[in-house]
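Add chains B, C and D to chain A, keeping to what the hints say.
Number of protein chains: 4
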Amino acid sequence: MATTKPWGGRFSEPTHELVERFTQSLDWDRRLYKYDITGSIAHARMLARSEILSVDECDSIVAGLESIDAEIVDGGFPWSSALEDVHMNIEAELTAKIGEPGKKLHTGRSRNDQVATDMRLFLRDAVDEQIHLLLVLQGLLLDVAEREAETPMPGVTHLQVAQPVTFGHHMMAWFQMLDRDRQRLVDARRRINISPLGSAALAGTSFGIDREFTARELGFDAPSENSLDAVSDRDFVIEYCSHAALLAVHLSRMAEELILWASERYRFIEIGDAFCTGSSIMPQKKNPDVAELIRGKSGGVVGNLVSMLVLVKAQPLAYNRDNQEDKSPMFDTVDAVTGSLQIFSAMLPSIEVDREQMRSAVENGFATATDLAEYLVGKGVPFRDAHEIVGKSVRYCIDNDLRLGDLSMHQFRQFSDEIGDDVYSVLTVEGSIRARNHIGGTSPMQVRAAISRARKRLEASK
Amino acid sequence: MATTKPWGGRFSEPTHELVERFTQSLDWDRRLYKYDITGSIAHARMLARSEILSVDECDSIVAGLESIDAEIVDGGFPWSSALEDVHMNIEAELTAKIGEPGKKLHTGRSRNDQVATDMRLFLRDAVDEQIHLLLVLQGLLLDVAEREAETPMPGVTHLQVAQPVTFGHHMMAWFQMLDRDRQRLVDARRRINISPLGSAALAGTSFGIDREFTARELGFDAPSENSLDAVSDRDFVIEYCSHAALLAVHLSRMAEELILWASERYRFIEIGDAFCTGSSIMPQKKNPDVAELIRGKSGGVVGNLVSMLVLVKAQPLAYNRDNQEDKSPMFDTVDAVTGSLQIFSAMLPSIEVDREQMRSAVENGFATATDLAEYLVGKGVPFRDAHEIVGKSVRYCIDNDLRLGDLSMHQFRQFSDEIGDDVYSVLTVEGSIRARNHIGGTSPMQVRAAISRARKRLEASK
Amino acid sequence: MATTKPWGGRFSEPTHELVERFTQSLDWDRRLYKYDITGSIAHARMLARSEILSVDECDSIVAGLESIDAEIVDGGFPWSSALEDVHMNIEAELTAKIGEPGKKLHTGRSRNDQVATDMRLFLRDAVDEQIHLLLVLQGLLLDVAEREAETPMPGVTHLQVAQPVTFGHHMMAWFQMLDRDRQRLVDARRRINISPLGSAALAGTSFGIDREFTARELGFDAPSENSLDAVSDRDFVIEYCSHAALLAVHLSRMAEELILWASERYRFIEIGDAFCTGSSIMPQKKNPDVAELIRGKSGGVVGNLVSMLVLVKAQPLAYNRDNQEDKSPMFDTVDAVTGSLQIFSAMLPSIEVDREQMRSAVENGFATATDLAEYLVGKGVPFRDAHEIVGKSVRYCIDNDLRLGDLSMHQFRQFSDEIGDDVYSVLTVEGSIRARNHIGGTSPMQVRAAISRARKRLEASK
Amino acid sequence: MATTKPWGGRFSEPTHELVERFTQSLDWDRRLYKYDITGSIAHARMLARSEILSVDECDSIVAGLESIDAEIVDGGFPWSSALEDVHMNIEAELTAKIGEPGKKLHTGRSRNDQVATDMRLFLRDAVDEQIHLLLVLQGLLLDVAEREAETPMPGVTHLQVAQPVTFGHHMMAWFQMLDRDRQRLVDARRRINISPLGSAALAGTSFGIDREFTARELGFDAPSENSLDAVSDRDFVIEYCSHAALLAVHLSRMAEELILWASERYRFIEIGDAFCTGSSIMPQKKNPDVAELIRGKSGGVVGNLVSMLVLVKAQPLAYNRDNQEDKSPMFDTVDAVTGSLQIFSAMLPSIEVDREQMRSAVENGFATATDLAEYLVGKGVPFRDAHEIVGKSVRYCIDNDLRLGDLSMHQFRQFSDEIGDDVYSVLTVEGSIRARNHIGGTSPMQVRAAISRARKRLEASK
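Protein chains in written order, with the numbering used here: chain A, 1 to 462; chain B, 463 to 924; chain C, 925 to 1386; chain D, 1387 to 1848.
So that you can see chain A by itself, here it is in the shape it has in the complex (with noise of 0.2 Å):
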C-alpha cells in the first residue's frame, strides 16, 4: 500500500486508512484540474526548450495533458481519493497513459509550486469574472440613477428622516461603494499575478530551469522573486478573501436597504416575483429571500476571511501542511461573491419604484428643517441660534401635529423675527434638493454630472 504513494521509499508502514480519509484533498481540489493542466503543459514545455526533457517526452505529455482535460470534462476520469489530491491524480493517470515521460514531468517543481500555480491561475481567473460582473452591475446602478435622478426619498441618518435626496443620488452612494471594491480587485490582481513556478519545495532546484518563460507562457507578471516565501505565501489568497468581505458587506447593507425599502411599511419598492419566494405556510407571502441571502452570504465570506488569518497566524516558513485548508474559504468566497453579483445585476431591473410613497415619506418627516435653519443663516443668523430656534419650531409642530411649511408667518415670527415670506419655497422638497449644488451634493444636476463621470470612468476600465 504505502508503495503507491509518491513517496514511499522512506516509509516501513503504510498509511493509516483514517489518515487517507483526513488528509486527501482531492473533494476540494479537483477543481483547479483545468489550471494544473494548464500549468503542467507550461512547465514540460519549459524543460524541453531547455534540454532537460526531449521535444518528443514534452510532445507526449502535452497531448496526454490534453486527453486527460478532456476526459474530466466528459466526465470519465477516474478520480481516486487514494491518490490524495488533484495533482498525483492527473500525473499517475498521465503515466498510465503515455509511460517512462510521465514520469519525468515532475522534474524541477515540486507540489508545493504546483499548488501555488494552479491557485494563482484560479484565483486570476475569479477575480476578473468579478470585476466584469462589477462593472455590469454598476452600470445598471447608472441606469437607474439616471432614471431616478429627480425623484425624491427621504435621505436618513440614524435611519430617522434627515434631508431630502433623490432615489438617483442614493443609486450613486451605492455604485461608489462598489468601485471602490473594483478598485482593491484591481490592485490585488497585480499581487495575484506572480509565478511561483519553479520555487519548487522551498529552495529551487538543480535544474537549469527557466522561470521566466513558464511565468510568460501562464501570463503572469514576473516569477516570484524569493522561493521559500513563494511557496509558503497564501497572502494573495487572504487580500482578495479582504476585498471580498468588504464587497459581500456593500452587497449587505444594499441588501438590507431592498429588505427595508420593500417591507410593508416602507412600500418605497416592489421587487420582482421573479426574484422573491414564498412561504409554505403562509400563502400571503412575498419574501425578498434573494436580498436576505446576500445578507446572510456576507457572515461567511467575513468568517472565511478569519479563518485563513487564523490558518496561518505564526506559521513558520516554508509550506506546511495547514495550508491544505487554504482551498475551501477561497472557493466559498469566490463562489459567494459571484454568485451574489451575478444576481444583483439580475434583479436590480426587476424593482419598481414607487414614487408616490417615497414622496409622502419624505414630506411627512421634517425633512428642510435644515434648509430653514440654513435659510436664517444667511439672515445673518449664526449657525447655532438658527438651530435652536429650527429646533423650538419642530417642537411646535411635533405638539400641534403640523408640518414646517403648515405654520403662517405669525407662527412663524415667534420663534424668530427673520422669516420672511420667501421661507416657505425654501421648505419644498424640491427646493431643498436642488440647493444642495456643490460636487457630490444631491441636487439632479450633480447627480447627472457624477453619473457622466462615473460612465466615463467605467468606460476607461473596459
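Computed spacing ranges between beta-carbons, pair by pair:
(1) D:Asp1740 / A:Ala70: 52 to 58 Å
(2) A:Ser67 / B:Val598: 46 to 52 Å
(3) B:Arg652 / A:Arg31: 39 to 45 Å
Selected chain C positions facing chain B (in silico; Cβ < 10 Å):
(4) Glu1015
(5) Val1080
(6) Asp1105
(7) Asp1153
(8) Asp1159
(9) Glu1181
(10) Val1236
(11) Val1371
(12) Arg1377
No lab work stands behind these hints, which were simulated from the structure alone.
Ideal placement from N, C-alpha and C gives every residue a C-beta, glycine not left out.
Showing chains B, C and D alone in chain A's frame:
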C-alpha cells in the same frame, strides 16, 4: 413553473432561473434527511393523536416516510434541486407515493419550525458523538500519563526551559483542557435539546396540536417557550460553534507541541509512519501532516463561529432567509472536530517517547535554578534576594559554559554563604520534580493521584 | 537600570527603552489591583499557616497591602510603568513600606499563577454583576410583556407581515434569548471559579503550600488540577467572551428592532427623549443613538472573541507572553456588555408603545391569510390545496386593492366552495391571535402563562 | 441640561445621565484634536473665500483654533465629557474664546463629514509613518541578508529539515512578505486620501461651498463624489485594518521563527539582553518577550478587523451612530502595528546568528537527499524512480544511523547502478545551495542579485 412551488398561488411570475440556483439549499441540507423523516413521523403521530389526521392517514404517512428513508439510504431517491430543499423533496415524494394524506402532513407546522427541529436533532447526535470521542481521547491520555508519570522533560515557558516536569504531567494538562471542552458540550446539549416543533411559521398554529407529545417522542427535554424565538433562534448552533472553536484551538495547541517535539532539533517523540506522510520531491521527508492538518483545521472552525455571529447580528425577528446560511458552518464544524478527535485518538498510541532526548534537554537548561532559589529561601534568604543570587550564579555558568551542578562549593559561596553541601541533591532533576508535591504539582505522586481522580470522573461520565 | 527589575541578575545589558514601553501592561492591568491585593493577602495567610512566614511577617504584609489598597482608592499610589505591571508595582511599594517581609510575599508563587488568580477573581465579579443585570432586564421585559399581552402587532418573517402576534409575545421572545444568555454565564462561572494559585511558574513549588486553603479563602470552588494547565489556561476568558458575543448579538438584534420600530415609517414606539440624541446640523432629528451604540458595540465584542482565539491558537504550553494581550479584550468586553445591559434597562421603561400604529400595520398586511388556510383545512381541504386557494385570493385582493375581509361571500366562493359565513370571524386579528393557544403560542392566555412560569424561574435564580 | 447640547431645541427632556456616559466618545476621539483643528481651519478659510464668513471672522476663528491647539499641547485644555466629543469640545471652547464667529464655524458642514475628515487625516499620517517604518525594517533585513548570504541553514517544510538554504535567503523571504504589505498600504492610501468635507450631514449643503478648495488645502487628492457615501463610508478604515491584519500576521510568523530559533534546542540565534526579559521566579530565564508580544498582538489586530466588518455589516445608509465604535479598533490597530514595527527594527540588529548550530542542524537532516534524486535524473533515471531509490537509501541510513555521505560506493550501488564517485560532491551542503541557481533560488549569487534588485526598489520608494 411557478405553480410547482409550495407557495405559487400568490405569484404572477415564475422564479428566475438564477434564483433557483442561488436559493436552493439541497446540496447542504439533504444531509438532514434522517432527522427530517424522524421529525415528520413524530409530527404525523401527534396529528393523529390530536385527531387532526385519521389513524389511516397517519399510518400511510409513516409507511411512506419509512420507504423514502430506505430509498435515500439505497441512493435511489430522486433528489431535485428545483424543489429547493430537503423538506420539500421528501414531502413531494411522499405525496407522489401516497397521495392526499401526503398533502396533510404539513398541517400545523411550517418549514421554519421543521428546519429548526431537524437541526437540533442533528446537532444533538453530533454533540453526543463528540462527547464520546472526547472520553476516548481522554482515556488514552490517561494511559500515556500513567506510563510516563516519572519521565522528566523540560517544562517550558516562553519556549525556554523553565523547570523540570514529567511527560505524564504534561499529558494531564492536555487532559484538563479537553475535560473543560467536554463539560461545555454537556452544558450546551441542555440548550440544544429543546423542541421548536409546533411553533409553526412564527406564532404557533390554530390547530389543536400537542407540543409536549412531539417533544417527548423525539427525545427532547421540553417544548420551547416562545414561538417567535423558537423559529429565529440559532443560539444552539452558535454556542456549539463557540465550544467547538475552543476545542479546535486546544487540539491545535496539542498539535503544535507534537510538531515541535517531532522536529529534528527536539526529537522528543517519533510519530508512527502510519500517521505521517512524505514529500513528492524530498525522499527523506517524514512529515507530521496529521498534526499540521489538525492545527490548520482550527482556522476553519474559528471562521465558522464568526460566520454564524455575523449572520445573526442585528437580524430582526423572526425567521429571515439569511439563516439558510447556518448549515454550512455547522456541518463543517462538526466534521472538522469529529475528524480531528478521531484521528488524534488513532495517532496517540503510535507516538514513541524518546526519554533520553528529553532528559538531555532538561539537564542542559538550568531547569533547577528555581530549586536553588527555593533552597536559599529555606535557609532564610528573602525570595527576592535569593532570586538575585541565583541569577548571578546562572550568568557565571553561562559565561563559563558550566551547569549549576558543576559549580564547586567554593564557587557557590562566592554568591551566597548560605549554600551548603546539601545543595547538590536539590539541583537534580528528580529532586526538583519530587519536591513539587502538592495538588496540581508535577511530582509523580501527585500526577498519579490526578490520574486516579480523572479516571473516576471519566467513569462517572459514561 | 536592569538591576531594578525583579529578574535582573542573569542579564548583562539593560532593557531597551522601547521595550519598557512595548512590554508594560500597567495601563491595562492596574484595573486588577483590588484582586491582586485580595489574592496576596490570602497567599500571605496561607504562608503563615504553613509556617513559611512567621505570624508577624504575615500581619505586616496584610497591613501593608491594606494601606496600599487605601492609597490606590485615594489616588495617591505612585504607579510606575518602569515596574512593568500591577503586581510588581504593589510588591515594590509593599517592600518600600514594610521592608524584608515584603520580599518574602512572592515565596511559593509566580506572576504566572498570580495573574491567572487576579483575572479569575475579576471575571467572577463581572459575571456576577452581569447575571444580576440580566435578571433586572428580564424582570422589566416581563412587566412590558404583561402590560402588552393583548396588544396586536404584525409578526414578521423576512421583514414582511406574516401573522398577528402580540407585543407581549414579542417581548417574551427577547426574554427567552436573554434567559439562555444568563444560563450560559452561570455555567461559565463554574469554570471561572477555580483557583490556579500555587501552580507557581508552571510546575508547582517545593514549598509546603496549602492550595485548598487559598482556594477556600478566595471563595473558589476548588484548586486547579494541573499546574501546567493552570498557568496557560485562558479558556475561562474565551468562554466568557463567547457567551458575551452571543449576548451582545442578542442586544444588537433587540436594538435593531427598536431602531426600526422608532423610524417614521413604522412609528410603533417612541423612545424617551432622555435616551435619544439630536443632530448638530438637523434641528428636527431625534435619533435612537443608544440603541445604535448597543448594536455597534456588538462588533467590538465579536472582535474581542476573535482576538482571544487567535491569541491562543497553536501556543505551546505553558505560559507565553502573548497572553498579556488577553486583558484588553476581556476588559473591553466586560465594559461593553455591562454598559449595554445597564442602559437597556434604563431605556426600556421610557419606551411608549403606539398601539394604533401597530394595529393598523397588522390589518394592512394580509396577516390572517394563514388563518384562512387553516380554516379550509378544518373544512377538509388538504393543507397544500388550501394554501393554493388562499394564495390566489390574496393575489386577487392585491390586484383589486382589497383586504381579505373585504371579499364578499360570492368572491370567496370563486376560490373555494368550502368557504362559509363563519370565515369573517377567522379573519379578524383578535381571532387569529386567540386561536394560537398552545404552549409557546401567541394567544394572550399562553403569553400570560409563559410570563408566570418566567417569573418563577427568575425568583428561583435570585 | 438639555439646552447645553448642540441639538437641544427639539427635546423636552434632558439626557439621562447613563446616556452621557454611554454615548460620550471623548475618551477616544480627543486623540483626533490636531486633525480636527486642521480641518476646521481649512473649512473656515473656504467659508471666507466663498464669502460665507467675513475675513475678520475667519481670522478670528483661525487664531482661536491655533490657541486651542497650543492649550491642548500644554495640557491646559478644559476637556468636558458632557460635551460628548472632541468636535463639540473644541467648538464650545472656540465660542467661549471668540464669541459669535465661533458659532458660525459649523456653517456648511456637519459632524458627520467633520469626523470622516478627521479620521482620514489621522489615518493618512499613520499609514505614511508605517510605510516609512516598513522601509526601515526592510533595509535592515537587506543588511542581514547580505551579511548571511552564504550562511547555510536547514530549510524546513512541516518543521522538518527539507533542503539547505542560506540564512540570507530566509531573510529575503521576510523581505518579500513585508514588501507586499508596503505595496498594499500604498494602494490603500489612495483611497484614504479623499476629502469628505462639505458632504455635510448626508446630502451636501445649500451654502455655496468650494469642496475642491478644502480638499486641496488639506492635501487630499480630490473631494468625494457622493455625499451619502462620504458620511457613511468607513471602507478606508476597514481596508487599512485588513492590510494591518496581514502585516501583523507576517510579523507574527517572523516572531514565531525567532522564538523557535532562540529556544535551547535550536540555538540558531541569540536575541540581545536588551530585548528579552526575565522571570520573577526562575532566575535563569531569558525570555523572548518582545517576539512573543509581537506574535500576541496579531490577535488583537485580527479581532479589530472583525469588529469593523461586523460593525458595518448590513447598516443602511447614511451615517448611523454605530460608527462611533470605529475609533477604538482603528487606534488600537495603528498602535499595535506601529509599535511592533518600531521594536522589530530595534531588535533585529541585536540578534546574533550561531552559524555553527545552523550548519550542524543542516548536516544532520538528510537535507541533500533531493540533490541525490536530481543527480540520478541527470543520469537518465525518471524523477519518480529516482525519488524511490533515494527514499530507500535514506531508510537504510536511518536504520543504520548513517548520513547519506557516509555510504560507501558499494552501499550506494545496492540502490542504483547509476551512482558514481561524483555523487559525494553533490551531497555537500555548499554544493546543494550553489546548485539552486535561478531567479528566486537559494544560491548566494541569486540571493545577492535579489538583494540588489530589492535595494533599488526601496530607493525608488523613498
